[in-house]
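Asker: Now for the letters of each chain:
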Amino acid sequence: MDETNGSKGNVKTAAPKTDGNGNGARTILGVTVDPDAIKQKAELDLKAARQPTKTDVYQSIFRVKHDETPRSRTLGVLSNVFLHLHPAKVNRDAVRFNFTWGMGGITFYLFWVLTWTGVLLMFYYHPTKVQAFRDILYLEHDVPFGKLLRNMHRWAAHAMVLTVQLHMFRVFLTGSYKKPRQFNWSIGVILLVLTLLLSFTGYLLPDDQLGFWAVTVGTNMARATPMLGHEGPFGPQFGMTNYNDVRFALLGGSIVDANALLRAYIWHCIAIPGFAATFMIVHFWRVRKDGGISGPAPMALEKEIKPLRRR
Amino acid sequence: MDWHQLWTIVSLPDNIPIVGMIFILPFFTWYGLRQAFANDRLIDRLEADPDLAKTHHRKVEPFQKGWARELHVWPYLLRMEFLAAVIVTVILMVWSIALDAPLEEPANPSLTMNPSKAPWYFLGLQEMLVYFDPWIAGVLMPTLIIIGLIVIPYIDENPLGNGYYTFRQRKFAIWTFIFGFIILWSTMIVIGTLIRGPGWMWFWPGMTWDHNRVIFEINRDLHEIVGITSQPWIGLFGGAVVGGFFAVSGYACHRLITATAFSRKILERMTLAQYVIMQALLIIMLSLPVKIAARLLFRVKYVWVTPWFNI
Ligand code: HEM
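Taken in sequence, the protein lines are chains S and C. Every position in the first sequence, counted from 1, becomes a number in this note's numbering once 497 is added. Every position in the second sequence, counted from 1, becomes a number in this note's numbering once 725 is added.
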């Protein structure tokens, strides 16, 4: 059977012929029952069950053969929605740990873990002054595995901030931001900022002293924004007060209170993850479009530098 | 030596990433540079031996004729990704079972936490608050860090070292990044987390966090030290000092940029705009350690006082 992407047109025509007047056939209440024909059909089903990969159901799900041939391995990656961001083949030295340190992939995996644990946490959390702190207590003491869930979300977030920096460090050390990957580095920087902001907005959500003061310290700096903060250089000249500057916009008020909690919640659970996911898609797309992972590339020598041509 | 205090700080669950960072960052710096040096040795051989350069596959990874240059993603890359995901999951699980995410008392605006610290990845910025006004430490510097990172690929005109580790071919770039990322950013995070105690005072590891400690240190503005007392002169003097700093460190950076014949060749490829932007970013980056030194050694508070802003 050849593997094509889609229908194969191989209609089974081997169905047993039953004419209703065969040897064992009998008619009960107007329905023809032929034991031989039923037996034959059962045998066909059995045969199919022994070769599940040949059934229509299997083929409708997997579309292509999964055997050891290069062609199938390629199709297995390219025709799978979750894997198709990969190329079919990669540089033989790039699969080693020592080139990429796996840090981009690990960062993405941690983002994935955070999304899952985060959604589960959302089932138990209300972003209100009355409930927020109690919800955390409830999670810690009553929800089955609630403590584990919260811990995992917390530690995965810390880990992600660390791995994203390591990823940037290795991209720098391998010079992978050089032509043609300049723009993807810039997208990466945006992802770095979004990662930090994600973590920061989450800090306030337990509504405890730690988060409250951390966010107070953090947003107090916004007061000092030149021109846009009421304590910043030229802020007063621009008409900024405690009630209309950027800090007010961030907190939804002049102090860290109920509105700030709600705003942090929306940024943390909807807006920033949305931006981050979008930029990640672009980031991965660009890794592919820029020719895949940059190396390990054959080294260039000083005397091979080509003169630069500018328009 | 207060071991108990040391242990309290180091074992705080939220501080684990920083304690980890103290080991992880040097490890990956070593790991990356080790490969860079290995590649550099090969580059040396190839530069010295043009015949070898023609036939060599130009990687330190082994390669023989007849080997495929590319491998199938399935299974060679996917199995690595799967393995990485499993290992990360196990680490997260163990971490989350062993250590609980912190939860303090409910938020209470009338009870100030001392010290009240931002999340760890912003502690570098919070540490900067000691040396600069909030509009610089909290707004200007972060903005410049982001812009600076984004423009790296657009000002680095060195075409060598694209896709492989090397130190020899990119000495200036690698030193700059290590200076900014490891020596400034990461060290300040470690200081902010492990060293700064109540009142954001400096406590060496093992010193007891004494909440009643008072440090009498009189910080003076530079113009006071020099003896200038009335306004237009104060501002003009400060402006001259800052301008002088830009000139001197610009000159120093220029000497570094043109230190070798190779870097002069790279400089020739840069446009004026690229050069100016690079200089501006380098000088501003240098202003941080310079201001730290001025504060710690000479107790200087501001170098430039004007009616609108102080630096
Ligand atoms: C949420 C954050 C990020 C995720 C999930 C992510 C993910 C990835 C992945 C999976 C790759 C493939 C290669 C690898 O694993 O190293 C990659 C490559 C790359 N990343 Fe990121 N990244 C992130 C942030 C960053 C940052 C902060 C930068 C730089 C400032 C960056 C710059 C790049 C570049 C230039 C490449 C191409 C590298 C090459 O071809 O060798 N990324 N990224």
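One thing to keep in mind: the hints can contain errors.
Subject to a maximum C-alpha distance of 27 Å in a straight line, what follows is the list of computed DSSO-like cross-link-like pairs (lysine-lysine) [unchecked claim]:
#1 S:K586 <-> C:K790
#2 C:K790 <-> C:K779
#3 S:K551 <-> S:K538
#4 S:K786 <-> S:K676
#5 C:K842 <-> S:K676
#6 S:K544 <-> S:K562
#7 C:K990 <-> S:K800
#8 C:K784 <-> S:K803
#9 S:K786 <-> S:K586
#10 C:K784 <-> S:K586
#11 C:K990 <-> C:K779
#12 S:K626 <-> C:K842
The set of hints was computed from the structure by calculation and includes no laboratory data.
Asker: Each hint should be assessed against the structure and marked as holding or not.
Answerer: Against the structure, the hints:
1. S:K586 <-> C:K790: holds, 19 Å
2. C:K790 <-> C:K779: holds, 15 Å
3. S:K551 <-> S:K538: holds, 17 Å
4. S:K786 <-> S:K676: Holds, at about 13 Å.
5. C:K842 <-> S:K676: violated, 40 Å
6. S:K544 <-> S:K562: holds, 19 Å
7. C:K990 <-> S:K800: The given pair, whose Cα atoms are some 11 Å apart, holds under the 27 Å limit.
8. C:K784 <-> S:K803: holds, 21 Å
9. S:K786 <-> S:K586: holds, 14 Å
10. C:K784 <-> S:K586: Roughly 19 Å between the alpha carbons, so the hint for C:K784 and S:K586 holds.
11. C:K990 <-> C:K779: holds, 24 Å
12. S:K626 <-> C:K842: With Cα atoms ~22 Å apart, S:K626 and C:K842 stay inside 27 Å; holds.
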